Amino acid sequence: MLQVEGLDVQIRSERGTAQILQDVSFAIPRGGTMGIVGESGCGKSTLLRSILGIMPKGAETPRGAILFDGQDILTDRAASARGRIGFVPQDPYLSLNPVFRAGDQILEIMRRHAPGSRADHKRKIVELFRAVQLPDPEGALRKYPHQFSGGQRQRLLIAAALACDPALVVADEPTTALDVTTQREILALLRRLVAERGLSLLFVTHDFGVLASVCESVTVLYAGRVAETGPTRQVLDDPRHPYTRMLLACHPDRSADLSGIPGTVPAATAQPPGCRFHPRCPIARPDCATAPPPLVALPGGRAVACPHFETPLPENALA
Amino acid sequence: MPEIIGAEALSVELGAKRGLLKNRPGVTAVDGVSISVNEGETFGIVGESGCGKTTLARTLLGLQRESAGRITLQGADVSRSGRVGREAVQYVHQDPGAALDPWWRVGATLAEGLKIHGVADSAERQARIRDMLAAVGLDPALAERYPHELSGGQQRRVGLARILLLRPRVVILDEPTAGLDLSVQAAVLRLLRDMREKFGLTYLFISHDLSVVRRVCDRVAVMYLGRVVEEGSAAELFAAPRHPYTRALLAAAPRLDGAETGPALPGDPPSLRAVPSGCRFHPRCGLATPECATRDPVPETAGPGHSVACHRWRDAA
Numbered sequence: 001m002l003q004v005e006g007l008d009v010q011i012r013s014e015r016g017t018a019q020i021l022q023d024v025s026f027a028i029p030r031g032g033t034m035g036i037v038g039e040s041g042c043g044k045s046t047l048l049r050s051i052l053g054i055m056p057k058g059a060e061t062p063r064g065a066i067l068f069d070g071q072d073i074l075t076d077r078a079a080s081a082r083g084r085i086g087f088v089p090q091d092p093y094l095s096l097n098p099v100f101r102a103g104d105q106i107l108e109i110m111r112r113h114a115p116g117s118r119a120d121h122k123r124k125i126v127e128l129f130r131a132v133q134l135p136d137p138e139g140a141l142r143k144y145p146h147q148f149s150g151g152q153r154q155r156l157l158i159a160a161a162l163a164c165d166p167a168l169v170v171a172d173e174p175t176t177a178l179d180v181t182t183q184r185e186i187l188a189l190l191r192r193l194v195a196e197r198g199l200s201l202l203f204v205t206h207d208f209g210v211l212a213s214v215c216e217s218v219t220v221l222y223a224g225r226v227a228e229t230g231p232t233r234q235v236l237d238d239p240r241h242p243y244t245r246m247l248l249a250c251h252p253d254r255s256a257d258l259s260g261i262p263g264t265v266p267a268a269t270a271q272p273p274g275c276r277f278h279p280r281c282p283i284a285r286p287d288c289a290t291a292p293p294p295l296v297a298l299p300g301g302r303a304v305a306c307p308h309f310e311t312p313l314p315e316n317a318l319a
Numbered sequence: 001m002p003e004i005i006g007a008e009a010l011s012v013e014l015g016a017k018r019g020l021l022k023n024r025p026g027v028t029a030v031d032g033v034s035i036s037v038n039e040g041e042t043f044g045i046v047g048e049s050g051c052g053k054t055t056l057a058r059t060l061l062g063l064q065r066e067s068a069g070r071i072t073l074q075g076a077d078v079s080r081s082g083r084v085g086r087e088a089v090q091y092v093h094q095d096p097g098a099a100l101d102p103w104w105r106v107g108a109t110l111a112e113g114l115k116i117h118g119v120a121d122s123a124e125r126q127a128r129i130r131d132m133l134a135a136v137g138l139d140p141a142l143a144e145r146y147p148h149e150l151s152g153g154q155q156r157r158v159g160l161a162r163i164l165l166l167r168p169r170v171v172i173l174d175e176p177t178a179g180l181d182l183s184v185q186a187a188v189l190r191l192l193r194d195m196r197e198k199f200g201l202t203y204l205f206i207s208h209d210l211s212v213v214r215r216v217c218d219r220v221a222v223m224y225l226g227r228v229v230e231e232g233s234a235a236e237l238f239a240a241p242r243h244p245y246t247r248a249l250l251a252a253a254p255r256l257d258g259a260e261t262g263p264a265l266p267g268d269p270p271s272l273r274a275v276p277s278g279c280r281f282h283p284r285c286g287l288a289t290p291e292c293a294t295r296d297p298v299p300e301t302a303g304p305g306h307s308v309a310c311h312r313w314r315d316a317a
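Protein chains in written order, with the numbering used here: chain A, 1 to 319; chain B, 1 to 317.
Source of the hints: derived by calculation from the structure; they are not laboratory data. Worth double-checking, as some hints may not be accurate.
Partial pick of chain A residues on the chain B-facing surface, computed with a CB cut under 10 Å [unchecked claim]:
#: 1; residue: Leu94
#: 2; residue: Ser95
#: 3; residue: Leu96
#: 4; residue: Asn97
#: 5; residue: Thr176
#: 6; residue: Thr182
#: 7; residue: Arg184
#: 8; residue: Leu187
#: 9; residue: Asp207
#: 10; residue: Phe208
#: 11; residue: Gly209
#: 12; residue: Ser213
#: 13; residue: Pro252
#: 14; residue: Asp257
#: 15; residue: Thr264
Predicted model only: the values in this text are computed from it and were never measured. The C-beta atom is built at its ideal place from N, Cα and C for all residues, glycine as well.
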């Protein structure tokens, strides 16, 4: 359904050229759910914007390809992607216009991208409101954003993302602004809609727990490169890349003490040569600093960008 | 350990307006809350947004006037006094970037608090700033930088240094790890723990991240719609939660193994303008009986230092 191949994105600013994404590749099959995880600055948002076709200011022409349904949407936006990629934003409080009615905001999207009359569109929206379990679906059309709670607004935005019958839904941390109890309901809703409608889902998150509950497979990004990719269960239970291993080891579910990965994520304008994780890696060898390690396929649909993935980590790896 | 700060039957009304012809009633954001925080401990307050945890913190701090009840600090009654007499209680802002003036060098921001607190000698201010920056693990030369030149982790350390310079006894931490990455979060929590030991601090730790609360807090109070519904040691509360709301809250946190424990909690908390009768949680509670809708539960002892306000906690286990 979606195939990202060797995507490179650079952004030029007065502080220099920043390599935001380098050689990023992954694929989501039809009906598949893929999670993108990584810490701030790893390129999650830029990847998402590249797929949505809204490149940040100062971005140079990206290299590589993003194939959607077989057509490259990176170079030719007008292709098949219009209205067929739905987007669920991060913050339901900032993503709706406070002075327009909920129904009108979705009608505006449909007028541009969906065939049919206004009455058809309205019927469709009510049906979607029912599907996302908004109370009083007909009445909700005429309500303003402030009349909904945070969880209801996120339901509204999910309905908006589905309005033009997308084949792929891209969600950018859709539950970080919500309470855990609401988060659980929204995640359950997303899981159900994806299964019922046969959608493909690209889900950006930094929370491994959320990832485990929604995504079949996962791609771990570090400093703009793919560290590791594979089926979620396998990656979480048996991580291979030293970064993934260390990150999961400091997850509160797995670590009793307060340890973290030493050092910080490098600035995008000052990426280290070779493997970008090597300055923080406890098992780095001299060759790690010379050439970026390629993503090597492993059995079971997994791949890892570290030649030393079988080396055990020392006891004191976390500090 | 003696109590350092406490509240007794504390109520806070927000948003009341006195008009010319009619008075508009406010909402009771904190309704009869009693807590007692011991010296040297980390006391966690958890709950969904709108449960009153931030209002409770602001009231203990003296930024918000209580409408009823009593606040004691180090044995003295400080109710209705505002910030006067509460210099020993300080607050670390949730967003450290927003709490620093972008036009001021870090050193100037740090010195301002000292000036207000009566440290008149410039040389002494500079010496104390240098020492404190080193204590929170920063290069003292950072005092010459502007906030935008610092990373998120560094800004958080500066935010903490700014408060610790004032030599508080009680520090209120509002969501101290919100928005931090997993690998950085541990470093911030470790710093907080080290500072608590070094300066003999007591923390009031407000958070909705239960996994963090579990790791750093000694005791925890769970709030729902302005009330404390359960309170106990972190170890006991997480191992054997008694209140149905606490159980639902714990079950809702996503887990690494992808397992879902217990039923979901449907719907949103009701508005403070329409607080349900009886037990405030009964419309969302799976164990509610007709009694729950009529009679307000009082806290009962469920174990040593463990109290729960629920008619049916014995059936919940």
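Under 10 Å, Cβ to Cβ, is where Pro252 (chain A) needs to be relative to chain B, so tell me if that hint holds or is violated. 4 Å, holds
Using the nearest Cβ pair, does Leu96 (chain A) come within less than 10 Å of chain B? Not OK, violated: Leu96 (chain A) not within 10 Å of chain B, min 17 Å.
When the nearest CB of chain B is found for Asn97 (chain A), is that gap smaller than 10 Å? 22 Å, violated
Per-residue hint verdict: Thr264 (chain A), partner chain B, C-beta under 10 Å: 7 Å, holds
May I ask you to test the interface hint for Phe208 (chain A) with respect to chain B, counting a Cβ-Cβ separation under 10 Å as satisfied? 6 Å, holds
Any CB of chain B closer than 10 Å to the CB of Thr182 (chain A)? 7 Å, holds
Given hint Arg184 (chain A) near chain B, where the shortest CB pair must fall under 10 Å: 4 Å, holds
Measuring from the C-beta of Leu94 (chain A) to each C-beta in chain B, is the shortest one below 10 Å? Hint on Leu94 (chain A): violated, closest Cβ of chain B at ~15 Å, above 10 Å.
Hint Gly209 (chain A) vs chain B: min CB-CB distance below 10 Å? For Gly209 (chain A), the interface hint holds, since the closest Cβ of chain B sits about 3 Å away, which is under 10 Å.
For the hint on Asp207 (chain A), just tell me whether its beta-carbon gets within less than 10 Å of chain B. Holds - the Cβ of Asp207 (chain A) comes within 10 Å of chain B, reaching about 7 Å at its closest.
Verify the interface restraint on Ser95 (chain A): the C-beta must sit less than 10 Å from at least one C-beta of chain B. With a closest approach of 18 Å, the Ser95 (chain A) hint is violated.
Let's test the interface hint: is any C-beta of chain B closer than 10 Å to that of Asp257 (chain A)? 8 Å, holds
In summary, the numbered hints that this structure violates are 1, 2, 3 and 4.
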